[in-house]
Amino acid sequence: MKSLYTWCGILVIVLASVVGDVLLARAMKQVGDVHDVWRRSGLWTVIGRTLGNSNFFLGVTAMAVAFFSLLFSLSWGDVSLVAPAAASLTFIGNAFAAKIFLHEKVDRRRWIAAMLVAAGVALLAG
Amino acid sequence: MTLRKYLVLAGVTVFAAAGDSMLSHGMKQTGNISLHHLQGVIFAVLNPWVAVGIVLLLAFFASYMNALSWADLTYVLPATSLGYVLLALVARFVLHEQVSPLRWLGIALISGGVGFVAGGPALTSHAPHENVEAGETVVSAVASGVDR
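First to last, the sequence lines map onto chains C and A.
Quick note on numbering: numbering that gives the first Met the number 0 labels position 25 of the first sequence as 24, and the sequence is numbered without any gaps.
Quick note on numbering: numbering that gives the first Met the number 0 labels position 36 of the second sequence as 35, and the sequence is numbered without any gaps.
Chain C with its partners taken away, still in its complex shape (with noise of 0.2 Å):
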């Protein structure tokens, strides 16, 4: 019972970082390279830009989400489980969706990376 708990947990992280993660890379895309912006018309530009946005808004509560999802799943899990299948899996899942989603060229080169780095992290737990 515990562990699917810690499965269930797990899962819910994954779905809402990707979530999270799709929306604020598509803000920031938005608002623009933060560098240039600051330059040419300071930083509470950007800093309202960034608020402003609703993807920014939705990003950060998806990301509420996968955070007080983690904070339960440790406090159920092993931590050596939980965070690295959790961080495992979000690097699958935000390959597929950078992908769909925000249009990204995830060619060979990307799809080796990902696995690469999932399979080492998941590694690293055991």
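Everything labelled a hint here was simulated from the structure, so no lab data went into it.
Keep in mind that a hint or two might mislead.
Claimed, not checked - Pairs of lysine-lysine, DSSO-like flavour, derived with a Cα cap of 30 Å:
1) 1/C / 27/A
2) 98/C / 28/C
3) 4/A / 28/C
4) 98/C / 4/A
Go by the hints and put chain A onto chain C.
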């Protein structure tokens, strides 16, 4: 890629690793949180390790947002994974803990993965006309043109 951008990616890596480890250390002291005792979350946040962990994760978030404003999600994410490598190296060389061969293999895989991504362009999502090889050169040229 400029020095500033590498520093932002380094910030993403270091703040995530330090924040996560402080959070997990703090949560072990706090103990279990259950759905029936949600006030446990407030006590958890009052734990100094958890509090410092949250501050570090806020710093991570700022660097992460900065990086996402000029690079792809699939480019930035592997940078965060270098944090695990950092933690394992700290465990081995600072804390003198035993790092098993499987963990060294994990470190090698992550480093390899990061190397794969780092060799490519940082931004591809705004370059619709491209094929694999030529496209990367064009996008890199555009990206380095943006650099100052």
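Tested hints:
1. 1/C / 27/A: holds (17 Å)
2. 98/C / 28/C: holds (15 Å)
3. 4/A / 28/C: Measuring from Cα to Cα gives roughly 16 Å; hence the hint holds.
4. 98/C / 4/A: holds (23 Å)
Checked against the numbered hints given earlier, the structure satisfies every one of them.
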